[in-house]
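**Q** Take a look at the letters that make up each chain.
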Amino acid sequence: MNESLLTAPCCRQCRHTPSTPCSDLIECIDHGPVCHDDDGCRDERARRLARARRGGDGMVLFVGAGTCGRANGALTVIAKMEAYLQHRGLDVPIVETGCVGYCQREVFVDLVTADGVRLSYCDLGPDTVDEFLEAVFGRRELHNRFLLGRYDDPDGLYGDVPPLAETPFFARQTKVVLANCGVVDPASLDAALAAGGFRAAATALVTMTPEEVCDELIASGLRGRGGAGFPTGRKWKVALEQPRPQKYLICNADEGDPGAFMDRAVLESDPFRVVEGMVVAAYAIGATKGYVYCRAEYPLAVERLREAIRQCRAAGLLGRNILGSLTDFDITIKMGAGAFVCGEETAILASIEGGRGMPRPRPPYPAVSGLHGCPTVLNNVETLANVPAVVNGGAEWFAGLGCGDAAGTKVFALSGRIRNTGLVEVPVGIPLREVVYGIGGGAPAGHHIKAVQIGGPSGGCIPDELLDVPTDYGTLQELGAMMGSGGMVVMDERSCMVDVAKFFMEFIRNESCGKCTPCREGTTRMLEILTEFTERPVGDDLRRLERFRGILHLEELAETVKETSLCGLGQSAANPVLSTLRFFRDEYEAHIMESVCPAGACQGLRMYDIDPEVCTGCTLCAKNCPSGAIIGKRKFAHAIIVDRCTGCGACADACPKQAVLAVA
Amino acid sequence: MSITINGREIEATAGETVLQVARRAGIEIPHLCSLDWAPSPSASCRLCVVEVEGAPRLQTSCTLEARDGLSVQTHTPRVLKARRAILELLVASHPQDCLSCARGGDCELAGLASDLGVRRRRYVGAVKHHPADISSPALWRDPDKCVLCGRCVTMCHDVQGIGAIDFVGRGFKTRVAPGFSLGLNVSDCVFCGQCARVCPTGAIVERDQVDDVVAALADPDITVVAQVAPAVPATLLEGHSKSEGVRTMLERLAASLKRVGFDAVFDTGFAADLTIMEEGSELLDRIVHGGVLPMFTSCSPAWVHYVETHRPELIPHLSTCKSPQQMAGALIKEIYPAYAGVDRDKLVVVSIMPCTAKKFEAQDLTGVDYVLTTRELEHLWGRFGVDFAHATEQTPLDPPFSEASGAGRLFAGSGGVMEAALRTAHKLVAGKELAGDPKITEARGLDGVRRFTVSAGEAELGLAVVNGLGRVRDTIDELLNADPPVHFVEVMSCPGGCVGGGGQPYDTDAAAIKERLQRLYEVDRRSRTRRSHENSEVQSLYEDLLGRPLGEVSHRLLHRTYTDRRRGDVAAV
Amino acid sequence: MSAVDTIITAHGDGLTREQLIPLLQEIQGADGFVSAAAMVKVAGALDTPVSRVYGVATFYNQFRFAPLGEHVIQICRGTACHVKQSLALAQHLKRRLKLREDGNSADGRYTVVTVACLGACSIAPVLKLDGEFYGHLTREKLDALLDEVEAGAEAAA
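Just so you know, the sequences run in chain order A, B and C.
With positions in the first sequence counted from 1, the corresponding number in our numbering is that position plus 149.
With positions in the second sequence counted from 1, the corresponding number in our numbering is that position plus 6.
With positions in the third sequence counted from 1, the corresponding number in our numbering is that position plus 12.
Derived by calculation from the structure, the hints in this document are not laboratory data.
There's no promise every hint is true.
As the list claims (entries may be wrong) - Part of the chain A face toward chain C, derived, beta carbon under 8 Å:
hint	residue
1	ARG219
2	PRO407
3	ASN470
4	ALA486
5	GLY487
6	SER500
7	GLN602
8	MET640
9	PHE652
10	ALA786
11	ALA788
Claimed, not checked - Only pairs whose alpha carbons sit at most 27 Å apart, straight line, appear in this in silico DSS-like list of lysine-lysine:
hint	chain 1	residue 1	chain 2	residue 2
12	C	LYS106	B	LYS179
13	C	LYS153	A	LYS806
14	C	LYS153	C	LYS110
15	A	LYS806	C	LYS110
16	C	LYS153	A	LYS229
17	A	LYS772	C	LYS110
18	A	LYS711	B	LYS87
19	C	LYS106	A	LYS806
20	A	LYS782	A	LYS806
21	B	LYS445	B	LYS352
22	A	LYS772	A	LYS784
23	A	LYS711	B	LYS179
24	A	LYS711	B	LYS445
25	A	LYS772	C	LYS106
26	B	LYS134	B	LYS179
27	C	LYS153	B	LYS179
28	C	LYS153	A	LYS772
Note that CB positions come from ideal geometry on N, CA and C, so glycine has one too.
Make a model of the complete structure from these sequences and hints.
**A** Have a look at this one:
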């Protein structure tokens, strides 16, 4: 069933059906009908488009209900709204959208007023939604404490409300990939079409040759947004040039880098953009079958994508002879099963083929021999989401967006110890400080930023004093970090950099596929050494000596793992260690030589003491101690056996008298 | 095309890897995972890294294909350092029980550690702790000694098509194990032992029966006799002068075995000739009397076990003949006590085989007490201080099973049973010998499946040779329904036949197997009798005891039945 | 017919090795875990060795080989969550629910799984309880959440 009105015929003269697709389908949405001249049809089409743009007739409510919105109570907000509206007898449709990127201020609710201006409200939640509804629908106060900004206001009706795009969080951003996110109904093809969707697909499939599409991409300078940053157009061209009948396109949505969530947000908020990007890519390389390999941890993204694919099929935008261009292409969703290494392109292939997700040596590169031995292009979600913009705006425009060594924009995921968490999209190459301080607002009050971790487990930590560097591929790599997928985790003085290195090493150790020796064995040894640093030295002198030797071993191991590992995951596994050693060597030295964690973050170096004056002998601390380190008789002061204490702090948490004190 | 290795220009052919080119040129690049039989390199051990001119990173020579102008350095300081570092990592999680390891002085890992100068255990930390698996009668596994090179998994899945073991788990916890980490005895394993043959460490070895044999030899009340399979002398000739033939080697072997206490040494090749008499007659019988066809050979115990466990519906197709090992065993136990005047209950039969599955067969049937693989034979020499390489003494093998025709010797190689059977079948069907040189070229070689037809008299026989279990899955059903029909199929479980058996010396390249096959062809060519039915001992055996092929006594001693051993729901275990 | 048979049958004749992971996922979706019996059936349906099915299943974190507790908690240990003290939360959870090595609580009612990253970093620290996300957690909020689950269980009893 095709519930899309925009792709439905206006009258009998329109011949488009999903099985007999018309190459003017998209053109007809904007300026239709093309094949015949009829004022009635023209009006009908215009009416449909206007309605789809607006989201409905009359007032419309949009609620940001992506994963983060939902975690902040978006679904309860919606339920309360429905109850309120029903109670008041108001017929206002509620549309679920994805995430506008400003996660810190979720839940976002947008209201399209009766006069067609869209206002954006934030900081809503289950507790405050009633107040909001009463203000808007009861007292008709559109200006209330939740109002953040407005969208287009051509008639100047809301001149006193700042345009959303000019509010501090959004002002420095350039939205290309995220343009529709949180704005457009992600479950409606018509909403996507009304917002400009599938114009690029129509341009590419109907008016360009595959070579031209590849060349346009090459000229645009778009580089892969998933990690390594390989030029997208060149990858496509290699695949296009393979003389094989069967080729595949794989959208890598196995966003495994902890700290990165842009792919999830894009799939949840604008899945049609990804589908369109895939259609263009498939056309450019000659693939008829596509896969989206998505993490199992992203159920909502998969649900939205599945729905988008269904609607596109129903409208003839996927399947056979898309837009009458004789291009066949369809998409299958494959769910990941929990393996970080499956973000690596050859591991994805193994996983899709039904095997253990273990990388294989390259060459041959997948573009030459990939899935089932056929030429296969793998692009990540954000890369593909950029494709429609490149085709629509042209290579020159796109290249002009970025600075430094890359073109276009990059989405970063801001999280950690920062005021404004969320997704931001900025021109590639703007200074890191601009992102972290300008948009992110810096550290929370009373704290200061120590470092920004970029690029996940393959990346590195850039200290605050170097944040003026541009966010381009080359510079980040020089600093021992990498663009990666664009996760930025901000750390303040409460984070210990040895602990952070240990955290990443534990991650990689757990996620190493176990195939090649250096990664499997080397990460285990590096983790052991780092763990030793973050715990109090125990045992004989030899162990203490090992602790000092550890730092030498660590550097050598890092070198070996980097130089000899099979895949990118292993080759970059040591980056978190190398970059923290480079910029925060003093912290390592404090751990090793003085057994002190300057940030106070390493549990194993923490020591606790019980104040005998305050302790009432209630025994709660002893009962809660997981390592049996506390002794004492009931009603007598207790004491901690230092050698047994693991520094977990359970005693301090349990003590009703605050008699347990941290001493180091 | 030519490439430059360490400044030396070396000819290379397209598709060859730098590792292969270097090896040909006498430059040994260390490696643990590379394997001739692998469909594509796994490149997992990373030891074979080399420096490539113009490339910033080290590259694995097992994946680096030769191309014009390529210039590599195989042993620079940078490379040596990286290799040693990798090996140190393998050593760190490896058990430290080399002194009591089954691989003893014959371990690739220990050899590499020595070559690369690993002189101490640099890292102290987690080691592996996985339970050992001694559930199988043929193969024992100690996963703690595994370096995860994956050769065994490649052999089991990609070469043999069995898939009894695979990688389990992930990361540092990865190990190689059968499904659900249960024992090999309840897995899909058919005991072919190809895994053990390529294992670089002591992680998979044959079930060691040297001590049992030594104990039997030490008991003065017990008579211990040996039978030696044709593949064993063909293998032991490796590294010996070209002039020395299989026959001489057998006699040297007999002399040394007697030195360590064996009372008699027999030639299993004799039983191979006997097998031909029975199996050839059975084939004829099936053709004439409308029996189940095609008939499959039953000499390879891993193949027999495969049918019993994986495809029991094919049991009627299996020849009811015992394998030569078991025919010999049954006859020794039947005849030898009276012949030599010893007590039947005090007679122990030891067979020396290129095979691990024979250990299972020996447990399943009654003719043989202990099976020693070619590798265990080395351990036996070690136990008794025999310097076999320099032992020149020769002794004829013992009657009444001392003789084998050239056909019987061919049994050790793929196509050999077919060739031997055809030589005799021709006589049985056509009533006269094959004219001229009885060499049957179509049966020879190393191709996975060889199909051909032979006219014998008026009959046109459809024939097939399946070399290695790996081709069974995709060919057997086709052979069953072939038109024109296939009458006789030889299946040998191991690539190349018994000369490539799972009990043969550790090896990762296919060249040695080809050489052994050539030796078999050579000994056949030089044999005085080249047809099984010409074997005089076989002839007298029929006169004195058996009467005729497929007769009553034959049935009792030389034929067997099979059991449907299809694995139930393993999960219920 | 068991759930496993139904799932396999529903795929019809077109089953290929590509369906191995999806089949295991569907089975886990229906049964909560993948039993050895189910893997044997999958191996049979795909004409693939059991060892390979087991090897694939044990490679991926998602698959569980024993039944789950009534309530499933996925606690995120991603970078952003780590920086915001998720380790302390995990340890608290471990103590409060008396978790065993396999992640099941002593009473078997809870299963706690550590997830590398839930991809909800902007609301760190975060966990997922029975499919719902809970962000900006503190020890107190976590306790309140668990109290609520317990109260619900008592009310139902």
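**Q** Now, for every hint given, state plainly whether the structure supports it.
**A** Hints, verified against the model:
Hint on A/ARG219 holds. Least Cβ distance to chain C is approximately 6 Å, under the 8 Å limit. Hint on A/PRO407 holds. Least Cβ distance to chain C is approximately 3 Å, under the 8 Å limit. The restraint placing A/ASN470 at the interface with chain C is violated, with a minimum CB-CB distance near 23 Å, outside the 8 Å limit. Among the interface hints, the one on A/ALA486 holds; its C-beta lies about 4 Å from the nearest C-beta in chain C, closer than the 8 Å criterion.
Interface restraint check: A/GLY487 against chain C, minimum CB-CB distance 3 Å, threshold 8 Å, status holds. Because the beta carbon of A/SER500 sits about 7 Å from the nearest beta carbon in chain C, less than 8 Å, this interface hint is met. Look at A/GLN602: its Cβ gets to within about 6 Å of chain C, closer than 8 Å, so that hint holds up. With a cut of 8 Å, the hint placing A/MET640 at the interface with chain C holds, because the nearest CB-to-CB distance is about 6 Å.
Against a cut-off of 8 Å between C-beta atoms, the interface hint on A/PHE652 holds, since the closest Cβ of chain C lies about 5 Å away. For A/ALA786, the interface hint is violated, since its Cβ never comes within 8 Å of a Cβ in chain C; the closest pair sits about 24 Å apart. A cut of 8 Å between beta carbons decides the hint on A/ALA788: the least distance to chain C is about 21 Å, and the hint is violated. With a C-alpha separation of about 23 Å, the suggested pairing of C/LYS106 with B/LYS179 holds against the 27 Å cut-off.
For the given pair, C/LYS153 sits about 22 Å from A/LYS806 by alpha-carbon distance, which is consistent with the 27 Å threshold. With a C-alpha separation of about 19 Å, the suggested pairing of C/LYS153 with C/LYS110 holds against the 27 Å cut-off. The hinted pair formed by A/LYS806 and C/LYS110 meets the criterion: a straight-line CA distance of about 25 Å does not exceed 27 Å. Pair hint C/LYS153 plus A/LYS229 holds up; C-alpha atoms about 23 Å apart against a cutoff of 27 Å.
For the given pair, A/LYS772 sits about 13 Å from C/LYS110 by alpha-carbon distance, which is consistent with the 27 Å threshold. A threshold of 27 Å between alpha carbons decides the hint, and for A/LYS711 with B/LYS87 the separation of about 13 Å falls inside it, so the pair holds. A distance of roughly 24 Å separates the Cα atoms of C/LYS106 and A/LYS806; the hinted pair therefore holds under the 27 Å criterion. A threshold of 27 Å between alpha carbons decides the hint, and for A/LYS782 with A/LYS806 the separation of about 17 Å falls inside it, so the pair holds.
Our distance criterion of 27 Å between C-alpha atoms is broken by B/LYS445 and B/LYS352, whose separation comes to about 43 Å. At roughly 14 Å between alpha-carbon atoms, A/LYS772 and A/LYS784 fall within 27 Å of each other, so this suggested pair holds. Taken as a hint, the A/LYS711 and B/LYS179 pair is honoured in the structure, with Cα atoms around 21 Å apart against an allowance of 27 Å. Between A/LYS711 and B/LYS445 the alpha-carbon distance is near 57 Å, which puts this suggested pair outside the 27 Å criterion.
The hinted pair formed by A/LYS772 and C/LYS106 meets the criterion: a straight-line CA distance of about 15 Å does not exceed 27 Å. About 8 Å separates the Cα atoms of B/LYS134 and B/LYS179, which keeps this hinted pair within 27 Å; it holds. Between C/LYS153 and B/LYS179, the direct Cα distance comes to roughly 35 Å. Violation of the 27 Å bound is thereby established for this hinted pair. Pair hint C/LYS153 plus A/LYS772 holds up; C-alpha atoms about 23 Å apart against a cutoff of 27 Å.
When held up to the earlier numbered hints, the structure conflicts with 3, 10, 11, 21, 24 and 27 and fits the remainder.
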